[in-house]
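*Asks:* The residues making up each chain are set out below.
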Amino acid sequence: MATEILVPQLGNEVTEAEVTEWAAAVGDNVSASDIVVVISTTKAALEIEAPCDGTLSEIRIGEGELTEVGAVLGVIE
Amino acid sequence: MPKQLPIDPGQTYSADKVRFTDIPVHAYKGDLAAEIARWGKDGLRAALRHMLVVREFESMLHAFKSTGAYRGIEYVYKGPAHLSVGQEAAAVGSAMALGPTDQIFGSHRSHGEIIAKGLAAVGAIPPGEVTSIVESHSDGRLLDLVTRHVGEAGGDPAEAFLLTGVLAEIFMRDAGFNRGMGGSMHAFFTPFGAFPNNAIVGGSAGIAVGAALRAQLTRSDSICVANLGDGSTGCGLIWESMNFAGMGQFRNLWQPPFDRNPPVLFCFTNNFYAMGGQTRGETMAWDRLSRIGAGISPGQLHAETVDGSNPLAVADAVARKAEILRAGEGPALLDIECYRYSGHSTTDTNAYRSRDEMKAWQAHDPITRFRDRLVDGGIITVGEADEMVEVAGAQIEAVTRVVVDRQLAPAVDLEASPTIIGDMTFNNEAIELGETAGDLLAEPAETSAVKSIMRKARSGIAEDGSQLSPMRAVTLRDALSEAILHHLTHDESLIAYGEECRDWGGAFGVHRGFADIIPYHRLFNSPISEAAIVSTAVGYALAGGRAIVELMYADFIGRAGDEIFNQLAKWQAMSAGELRLPVVLRVSVGSKYGAQHSQDWTSLVTHVPGLRVIYPATPHDAKGLMATALSGNDPTIVFESQRLYDRVETFEPDGVPADYALVPFGEAAIRRAGDDVTILTIGPSLYPALDAAGELAGHGVEAEVVDARTLVPFDYDTVIASVRRTGRLIIVSEAVERGSFANTVAANVTRLAFADLKAPPVVLGAPNWIAPGADMEDKYAPQEHDICDAVLGEFFADKRVNRRGVRNWDIAGMAKRGL
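In order, the protein sequence lines correspond to chains A and B.
Numbering that gives the first Met the number 0 puts the first sequence at residues 0 to 76.
Numbering that gives the first Met the number 0 puts the second sequence at residues 0 to 818.
Since the hints were derived computationally from the structure, they do not count as laboratory data.
A couple of the hints might just be wrong.
[Unchecked claim] Among chain A residues calculated to face chain B with C-beta under 7 Å, some are:
1. Glu15
2. Glu20
3. Gly63
Predicted model only: the values in this text are computed from it and were never measured.
Even for Gly, the Cβ is constructed at its ideal location relative to N, Cα and C.
Construct all of the structure, not just a fragment, from the sequences and the given hints.
*Replies:* Right, here's the structure in full:
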């Protein structure tokens with residue numbers, strides 16, 4: 000089953016974020032609560048944890064790219 | 000970056016006891032043979048002589064204040080004289096144990112300390128160096144006065160130089176060490192290790208910690224001594240400073256060779272009275288002052304209570320503490336008990352203490368006791384001791400005769416140069432940045448925060464004319480970051496601190512990513528100690544460093560009131576320009592958080608002479624003005640609006656410069672041209688003003704919008720040139736109207752351009768009440784429609800439309816209600 004890694008709500012007025020760093024590569028095994036990706040808003044960096052155990056099967060937003068609240072950053076299978 | 004010091008719940012909740020060790024009280028048991036071996040007979044005789052010189056000096060001031068004459072010299076001295084008669088052993092004993100480059104910072108009662116430190120330095124510095132110090136001061140003018148007029152009775156020329164410089168300073172003469180700008184309570188002479196004395200009780204505590212931090216970071220062997228009174232233990236800054244100097248991070252988180260505590264000694268001259276309040280037993284809780292060391296750190300600040308009537312007990316204690324400090328294991332605390340025979344000041348009638356008490360202490364007179372001891376020990380004869388008293392008297396008399404003479408030692412000439420005091424306020428110097436600092440943890444361009452900014456567009460306007468989002472273009476926050484990081488990476492003397500400055504990246508992200516680049520000792524989290532944050536920055540700067548510190552919210556200026564208004568603002572002028580204070584103090588103006596987190600307090604700091612005050616409103620200016628602030632050698636307060644942190648650059652066609660660039664202070668910027676009304680804005684009011692200008696154009700009114708950019712210095716030329724064309728001026732800011740800097744500008748423009756004005760200038764600020772919470776803010780800070788209401792209502796009656804804002808104040812009526 001595929002689980003998407005989503006950009007969370009970042010506060011009332013924040014809609015955009017940048018992917019600062021992927022802490023896992025495609026094919027890596029990850030456990031729930033591992034930090035897999037770091038995103039940044041205009042003000043702060045935020046570490047995002049894996050929502051479940053599995054393998055990172057896809058990175059949809061690469062490092063340095065901009066994204067929006069609710070977007071899919073990557074997929075864990 | 001998460002904390003390196005995890006908090007373990009198991010360890011936290013395990014049963015334990017907080018343990019204390021005994022604090023020694025009057026444990027000194029030195030015997031004379033050992034003291035002779037230590038100081039030599041000459042050293043002990045010198046100590047007695049220095050005590051006598053201090054006593055005579057203070058007695059001279061007492062004579063002038065109480066009788067208007069001393070040894071037949073008549074003189075009316077109008078200034079303060081907080082005398083230290085009875086405290087000579089503390090001053091001289093401490094000076095004996097310190098080296099010439101060790102630094103003392105004093106209080107309002109520190110004449111004796113400066114003289115003792117100076118006399119000790121004159122004896123300890125090689126004669127050639129002493130000569131060059133006294134010859135170079137004031138281009139030799141003071142030495143010339145001493146050589147020509149004080150003569151041989153003044154004793155050793157360097158001693159006469161010292162005494163003349165101190166007394167001339169006290170008597171507010173141009174020949175004073177600081178040209179009379181400091182006076183009695185602020186006199187000092189750094190070449191002999193006597194750093195500023197402070198008329199604010201406890202004021203030296205944080206300054207000494209900052210200077211000690213400078214010594215620590217430059218790996219100097221000097222220690223810093225904060226000479227404080229017992230009464231200062233009631234002041235918050237004392238506690239903030241002791242904690243700051245004892246912070247755990249120095250040992251736990253700073254890297255070698257900086258992993259030491261700042262070498263500072265909190266040296267309390269405990270004379271049992273704070274003016275008329277009795278500290279022990281009445282106004283303080285401590286019972287013994289040294290007890291407070293136990294509350295600060297596991298090492299209890301190495302606290303001790305010492306007999307301040309014996310210079311050798313004091314010297315012994317100070318020497319032992321100095322050794323601890325030089326090993327990096329400070330801070331330390333001494334409670335030096337001694338009795339002040341003189342009143343708090345010369346108007347003190349001693350109503351609060353009994354004659355019996357004063358008489359009992361006469362038997363403990365430090366000079367009599369020490370002289371008797373030396374006589375008993377065969378170190379000096381009674382005849383020699385008596386002669387020493389005579390010589391000290393002659394020395395002080397010779398100096399005094401010259402200094403009271405207004406022909407020989409005049410005050411600065413305010414008739415000939417009416418602004419001479421003002422001219423000492425700012426040095427207007429700027430530094431050149433050097434090569435990349437050698438202590439960086441990473442190449443900035445390789446770090447994620449810097450890369451993130453580098454990916455952004457420099458201009459906030461896209462090719463199609465639309466405005467870019469703050470994730471796509473450089474923001475005001477990013478621009479501040481770039482300027483600060485550039486300085487931090489090119490100037491190893493610059494340190495940055497404040498609450499949440501490191502891991503968090505500053506509460507508003509301006510320091511984001513800096514922790515990956517700048518080592519701990521130049522970028523650290525401070526305690527929530529606003530007074531100590533500013534005070535230590537002052538000390539760090541006056542000891543030769545540079546600091547950028549942050550108070551998070553402008554509202555917290557109140558917590559650092561004295562440190563900003565009396566220390567940061569005044570030391571350059573009070574030192575007649577001897578001291579430089581390159582301190583940048585960042586404060587943000589909040590929004591949404593209500594009355595204690597949303598105030599524009601520019602008017603408070605512009606009111607106090609000695610502070611440069613800037614309020615950038617655009618990313619371009621934020622970068623350039625911050626760079627100018629950091630390059631300068633004058634203290635600068637930088638206001639940052641939280642509403643503007645995410646603003647992108649929309650004025651400069653090329654956007655925010657990628658390279659380092661300066662924007663000069665004192666140049667207002669015309670953001671929109673117009674001929675009908677000038678709208679002068681301070682800080683974020685620029686944006687509603689531009690919106691209002693657009694709306695006013697629809698009514699046939701062309702507004703010229705001028706962004707003040709900097710308030711001190713302020714650019715009247717641009718504003719007045721605009722007003723001469725438009726004939727109308729409205730000044731918009733978020734500061735409350737009463738007492739606002741905008742009123743100063745309005746008054747001055749009225750005077751300077753009266754003939755060109757078609758109507759009186761209007762000040763549109765926040766109303767004279769508290770800033771309300773988020774949902775009510777638009778009825779508080781002036782909005783676009785408020786500006787339109789004011790412009791159309793006040794200046795263009797024929798174009799008036801229905802008022803949309805709620806501001807229709809009856810100024811006089813409101814004032815009567817206190818609003």
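*Asks:* Taking the hints in turn, state whether each one holds.
*Replies:* Right, here's what the structure says about each hint:
With its C-beta approaching chain B no nearer than about 4 Å, Glu15(A) sits inside the 7 Å limit, and its interface hint holds. With a least beta-carbon distance of about 6 Å to chain B, the hint placing Glu20(A) at the interface is held under the 7 Å criterion. Against a cut-off of 7 Å between C-beta atoms, the interface hint on Gly63(A) holds, since the closest Cβ of chain B lies about 6 Å away.
Comparing the model with each earlier hint shows no violations; every hint is respected.
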